[in-house]
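Under the working numbering, residues -3 to 158 are what the sequence shown spells out, in order.
Misleading hints may appear alongside valid ones.
[As the list claims (entries may be wrong)] For each label pair, taking beta carbons as the anchor points, the in silico distance ranges come out as:
id : residue 1 : residue 2 : range
1  : Gln121    : Ser97     : 32 to 42 Å
2  : Ser116    : Gly138    : 25 to 35 Å
3  : Gln119    : Ser140    : 27 to 37 Å
4  : Gly108    : Asn33     : 17 to 27 Å
5  : Ile142    : Gly100    : 18 to 28 Å
6  : Gly122    : Asn33     : 30 to 40 Å
7  : Gly138    : Pro24     : 17 to 27 Å
8  : Gly100    : Val80     : 27 to 37 Å
Derived by calculation from the structure, the hints in this document are not laboratory data.
All C-beta atoms in this analysis are idealised placements derived from N, C-alpha and C, irrespective of residue type, glycine included.
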Amino acid sequence: MKKFTLLFCCALMFVAFSCKKKPVNPDPEPYTTFTLNGVQKKFTHHTKFSKDFCSSSTFCCSFSSSSEPNAESIKFGIPGDPIVGHVYQTGERRFSCYYFSSAGIRYDQTWGASYQVIFSVWQGQGGWGQGTYSGVLKSSEGDSVIIDNGYFQNMIWTSGSK
């Protein structure tokens, strides 16, 4: 009887440990990092990739340094549904990017600057978009900023989704 009880206890412990739930990986956090004129930046305040408020672009999102209304920020606007590996660049119809400095100056890719965004992940509705960006953006006064080593990851949301 002792052998049976010992065997039963061992079997019960085996079942208990094998049924233990594995830890769930949390969703990644939306953010962007980039180097602006040699200074490393990381923005964690964001809007999801969306079709709702993009003006001429199909999908857009923005990242900012804080939740303040005039915070330093960067925004991407992509024509059509993003294609992984495609190089979206200055001159492409409905492609837009801008950087809004903490001094209130808007730097854009439409005043003769050169800029590109490349998606490495696009999971569609409810998923994630990830990619890289870099280039030169200019203000309407002709000043420019150089953005290097840009990386972003953000959630995708369209009308009618959660």
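Hint by hint, work out which the structure violates, then give me just those numbers in ascending order.
-> 7
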